[in-house]
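So the sequence shown is numbered by the numbering used here: it starts at 2 and just counts up by one.
Please note that the accuracy of each hint is not assured.
To be verified - Pairs of lysine-lysine, DSSO-like flavour, derived with a Cα cap of 27 Å:
1) Lys-201 <-> Lys-169
2) Lys-99 <-> Lys-312
3) Lys-142 <-> Lys-169
4) Lys-99 <-> Lys-169
Hints listed in this document are in silico derivations from the structure and should not be mistaken for laboratory results.
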Amino acid sequence: MTTPRTFAEEELKRMKAMYALPDLRMKLDDRFETEQILIQSGAQQWTLTAGSERALLYGVYDFLRLVLGVEWPYPNRGAQFVGPTAQLSDVRIHSHPKFRRRGLVFEVNFDADYIVASIDWAAKQKLNELFFTFLVWDEVKERAAPELQRRGLRVTLGGHSIDYLNQKFSLYGEVGDLEYEQAFIEQLQMYVKDNPLISKVSLWPRDIAGAVDLAHYIRFCERMDEALDIPVEHIAYNAGLDWRLLEKRASTSSELPTLFAYWGRDYHMNAAPDERGGRALSNWLATNDVTVFEYYSDHFMQTDLFPPLPKRIEKDAAEYHAAGVQGMLNLVVPYSGMIHFTTRNGTTCKRKIVTRSHGRCGAKQTYGHSTL
2 MTTPRTFAEE ELKRMKAMYA LPDLRMKLDD RFETEQILIQ SGAQQWTLTA GSERALLYGV
62 YDFLRLVLGV EWPYPNRGAQ FVGPTAQLSD VRIHSHPKFR RRGLVFEVNF DADYIVASID
122 WAAKQKLNEL FFTFLVWDEV KERAAPELQR RGLRVTLGGH SIDYLNQKFS LYGEVGDLEY
182 EQAFIEQLQM YVKDNPLISK VSLWPRDIAG AVDLAHYIRF CERMDEALDI PVEHIAYNAG
242 LDWRLLEKRA STSSELPTLF AYWGRDYHMN AAPDERGGRA LSNWLATNDV TVFEYYSDHF
302 MQTDLFPPLP KRIEKDAAEY HAAGVQGMLN LVVPYSGMIH FTTRNGTTCK RKIVTRSHGR
362 CGAKQTYGHS TL
């Protein structure tokens with residue numbers, strides 16, 4: 002089995018075969034935090050020190066950025082030279098990601114080739130998690146699991162998967178029915194045992210306003226957390242623009258980690274602050290570890306009608322970090338079709354768009370190593 006350290010060595014060797022590179026010595030230091038790295042230049046060789054094998058891989062990509070001036074703005078398109086190389090004498094760069102959790106969410110994309118390419122891209126951008134619905138995972142895991150493992154990336158399964166799992170487990174019932182919940186959890190225990198790469202479960206209610214009582218849903222998540230050997234989080238979100246699943250109440254108090262997903266945010270830079278959404282986030286942050294789930298890739302944001310989002314993402318990341326948010330996840334939205342719009346002079350136009358990625362180049366590149 003290829004470990005992240007072995008894979009980092011292979012990546013370095015592959016690039017050395019194409020470009021003249023200084024020697025790089027890699028070492029682990031248990032005094033470092035898990036994803037902390039230190040890159041130093043030297044007369045005979047460079048040194049990369051890291052707190053984990055995954056961080057060594059991050060460090061190799063940073064080394065290549067420094068020495069070659071390369072970047073990887075898109076999945077599956079190879080390295081691109083983006084500017085002159087940095088001054089290579091007396092280099093000492095100490096880095097550590099802002100967020101403990103940084104990842105992409107695949108809800109409906111069954112394109113295994115693209116997902117494998119996105120896994121590769123994610124490691125190059127210092128992301129550390131891929132989140133799949135159970136349906137997507139069942140479709141792509143044979144291809145995706147080895148790629149995730151060799152890069153040391155974590156896997157979360159969940160999403161709006163209850164109906165799919167009911168069918169898979171041959172169960173009928175609703176959250177709040179304790180007998181049904183027990184049968185569901187027993188089946189889920191076996192599923193997790195058969196899929197050892199899974200590191201977290203984040204199972205959400207149906208995406209319908211009022212589909213489930215928040216207190217019943219959170220108690221269901223707590224029961225899963227008690228039964229499984231891996232952590233479970235609950236989602237707080239406004240399904241159908243219904244605030245009952247987003248806002249914290251006394252009856253929904255829980256120590257479980259919270260995935261905060263506020264759909265419908267105005268991403269324009271000059272938009273007025275959303276006081277109600279901000280208050281809801283602050284209330285969860287007061288008692289829970291919170292990861293924010295964002296929708297930067299929704300297809301209606303990926304046309305010429307909307308600007309790229311790098312400034313929005315950078316601003317969000319800075320504000321979330323200052324507020325104590327522990328992580329950021331971004332939904333990958335596959336979309337292909339025609340858009341129709343009217344220009345300023347009144348001409349009706351149409352354009353084919355294919356957006357299987359994470360936004361236009363600027364926004365996508367920002368959601369990565371330099372921001373999170």
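Hint check results:
A hinted pair counts as satisfied when its Cα atoms are at most 27 Å apart, and Lys-201 with Lys-169 qualifies at roughly 20 Å. Note on Lys-99 and Lys-312: the hinted pairing holds, with a Cα-Cα distance of about 17 Å set against a maximum of 27 Å. Among the hinted pairs, Lys-142 with Lys-169 is consistent with the structure: their alpha-carbon atoms are about 16 Å apart, no more than 27 Å. At roughly 38 Å between alpha-carbon atoms, Lys-99 and Lys-169 are farther apart than 27 Å, so this suggested pair is violated.
This entry does not satisfy hint 4, going by the numbered hints stated previously; all others are met.
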